[in-house]
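First to last, the protein sequences are chains A and B. For what it's worth, this note's numbering labels the leading residue of the first sequence as 1, then goes sequentially. For what it's worth, this note's numbering labels the leading residue of the second sequence as 358, then goes sequentially.
Certain hints may be false.
[Claimed, not checked] List of simulated lysine-lysine pairs, DSBU-like, C-alpha gap at most 30 Å:
1) A:Lys250 - A:Lys166
2) A:Lys250 - B:Lys543
3) A:Lys203 - A:Lys250
4) A:Lys203 - B:Lys432
5) A:Lys219 - B:Lys575
6) B:Lys575 - A:Lys166
7) B:Lys469 - A:Lys203
8) A:Lys239 - B:Lys614
9) A:Lys239 - B:Lys575
10) B:Lys408 - B:Lys432
11) B:Lys614 - A:Lys219
12) A:Lys219 - B:Lys432
13) A:Lys166 - B:Lys469
[Stated by the list, open to error] Which residues of chain A face chain B? A partial, calculated answer using Cβ under 8 Å:
14) Asn46
15) Gln224
16) Leu225
[As the list claims (entries may be wrong)] Listing some non-contacts, in silico: residues in chain B with all C-beta distances to chain A over 10 Å:
17) Leu499
18) Ile507
19) Thr555
Hints were generated in silico from the structure; no laboratory data involved. In this text the structure is predicted, and so the values were computed from the model without any measurement. From the three backbone atoms N, C-alpha and C, an ideal C-beta is built for every residue, glycine too.
Residue strings, one per chain:
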Amino acid sequence: MRLLSICLSLLIIISIGCKDEDPIPGSVFTDTIPPAGTPSWLIPSNEVFDGGPGKDGIPSIDNPSFVPVSEVTFLDDDDLVVGMVRNGMAKAYPHAILDWHEIVNDQLANSTFALTYCPLTGTGIAWDQLVDGIVTSFGVSGKLYNTNLMPYDRETDSYWSQMGLKCVNGQLVGAQINTLPTIETSWKTWKTLYPDSRVMSTKTGYSRNYDVYPYGGYKSDHDQLIFPVSFLDDRLPAKERVLGVFVEEKGKVYSINAFENPQVIVDEVNGEEVLIFGSKADNFMVAFLREGLEGVSMDLSELPIIAKSEDGNAISISGEIVSGPMLGKQLASPVSYIGFWFAFGTFHSQIEIFKGS
Amino acid sequence: MNMLLLEMKYMLRTSIFIILLSQIGLVRSQTCCSAGAPISSAIDVMTGDPKALSLQLYYEYKSVNRLVSDNLVLKNDPRSRSGSSLLFKGDYTLSDRWAIGLILPMVSQRRKTVSQTEDATGLGDLTLLSQYSALSDELWQLNLTAGVKIPTGMDLHRDDNEIVLSPDMQSGSGTYDLLFGMGLVKRDLLMPRLTNQTVFSYRHNTTNNHFGDPSKMKGRVFKFGNEAQIATSLSYLLVFEKWFLIPDLGARFRTVKANEEQGLAAPNSGGNWTSLLLGVGIYPSDRYGLRLFSEIPLSQSLFGLQITTDVILGVHLSTNFAMGKPKNRENRFLDSKTSMQ
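Start from the sequences and build out the full structure, keeping to the hints where you can.
Encoded structure:
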């Protein structure tokens, strides 16, 4: 009798544990596991990884506040900022804040944009918020593709690839993003370039430890990638900072080490002549289309002017001709942004590396 | 009158026995990030009368809403986590020295942000345990436990877009892991009916080389950090007519190494936790017990930025069946007689 009661108890307990266990789609107990690259995704869905915090678990900043350069006390000279310059107005977005929020929805002059920043690929790219005729803000989806940020748009809930610059899942799948030019440099250089600019404040509405880099030794450890990538190109050290310059689909990267001595590189990307300006000491690299400028040489004596052409055009770091025959002209920018080398090598197979002239 | 006294003594002996069972909850997992459910929990199995079977059911709820950067508690976190687990545990004593057990959990995880709520519920990882009682007398008991966690749990829960959720949202880890434990019990500590139990446990985890990829060709190389913990508690037996009440109070220190991603330590994982343990057990008969327990973090020193547990609440039901000849009953009676005074 006792044995019978034991058996009955066991059966009851086991049945309680099992009877409500519905098969979960995609589990090992069903045959409905979606194959890689299902039609709803432009990229292999099995290479999209859940970062852990969840959608909006890393909060974007949608109403940033700014302070004058003179009031900034939380940055060291070597700290990096991503700068935006439009119609003579300038704003800086410190990495120290972007590391914790990844996306800032903001506006400058007449432009509305989302400054997207991925701490794991080191890429800061300003996205035009006008997408497919829709103005939208962006949030952090919590997903990563090739260990790179995947924003989502709040109008259609579509998922995007930051470095892919396109929508990869959802209603807007296939839509392209337009970028706006940025200037990534050190705080020391920025405040010299634009002492009257506004700097995003740590009063973000969130209590965060902005003095602390939240990824430990990640940005200097060339061996550490937190999430898998589809391909790892080891032609350069993984975390070396490079400027990627793209004309349509084709691109080329320029290492910061190519600018040990400040210089302007006249080069060609996908058949288009470009000017690449850089200085490792001042920690900046920017790119513009050449647009007929001849004899351009670096001149950092009158920042934000960084170069002059042989016929007397003075070129600012934002690409504006501030004096000379072409006064007032804004040089066109190819799609360009700075990031860790490995990310460019992963996203753009066999991308060309500038080897020096 | 003598018969009544003997019956009460027998019940008391049984209740002391149940005290040990109820203390199994000492070794419970603390964070939300322990896929496979309370993996370290309940690694004790019972020792007592030979051929005795114990069946237990745990329910545990964890609220994981404390965002910490190193030692600094941050505010305004848009996310929250919670988890609950229903855990079935069965123990069987083979002899005076040896016992075996199994743990089968059902795990439910919830991740909530301002824009999305995601749930993942499923079978967790099965754990098989064996225990050797190195010392067992009227006042002291020393148990050594070893076990293996088998990847029976689901580790492919997906979100609405069919993307595999992160490892800490899964019901299982997809790995075989090893568990080791040592439990020391001191009865009648300083005074009759006061018992101290101290449990040390260590969990050695292995690497899932293809997390998230059912074809096992690619995927994410992931390993939960190994963890060690020590918990100690005091419990006191209160006797009321034919039932017993056992409140307990304790503390736990837990240290966890960082998780590993792609073979290297992942930032924002691992650390040290200290927490307060509170519980009360009610035993209306010699066969059945009900215990309510909670765990409240006292301090933590974490690596990087982490969301961590702010409270654990649980219920533990137990029943046992003696199928063989109880051991040392007479001696226990004498002991319980002392305890009843």
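Verification of the supplied hints:
no.	hint	in the structure
1	A:Lys250 - A:Lys166	holds, 15 Å
2	A:Lys250 - B:Lys543	violated, 73 Å
3	A:Lys203 - A:Lys250	violated, 40 Å
4	A:Lys203 - B:Lys432	holds, 13 Å
5	A:Lys219 - B:Lys575	holds, 25 Å
6	B:Lys575 - A:Lys166	holds, 25 Å
7	B:Lys469 - A:Lys203	holds, 25 Å
8	A:Lys239 - B:Lys614	holds, 25 Å
9	A:Lys239 - B:Lys575	holds, 23 Å
10	B:Lys408 - B:Lys432	violated, 53 Å
11	B:Lys614 - A:Lys219	holds, 21 Å
12	A:Lys219 - B:Lys432	holds, 26 Å
13	A:Lys166 - B:Lys469	holds, 27 Å
14	Asn46	holds, 6 Å
15	Gln224	holds, 5 Å
16	Leu225	holds, 6 Å
17	Leu499	holds, 29 Å
18	Ile507	holds, 14 Å
19	Thr555	holds, 30 Å
Checked against the numbered hints given earlier, the structure breaks hints 2, 3, 10 and satisfies all the rest.
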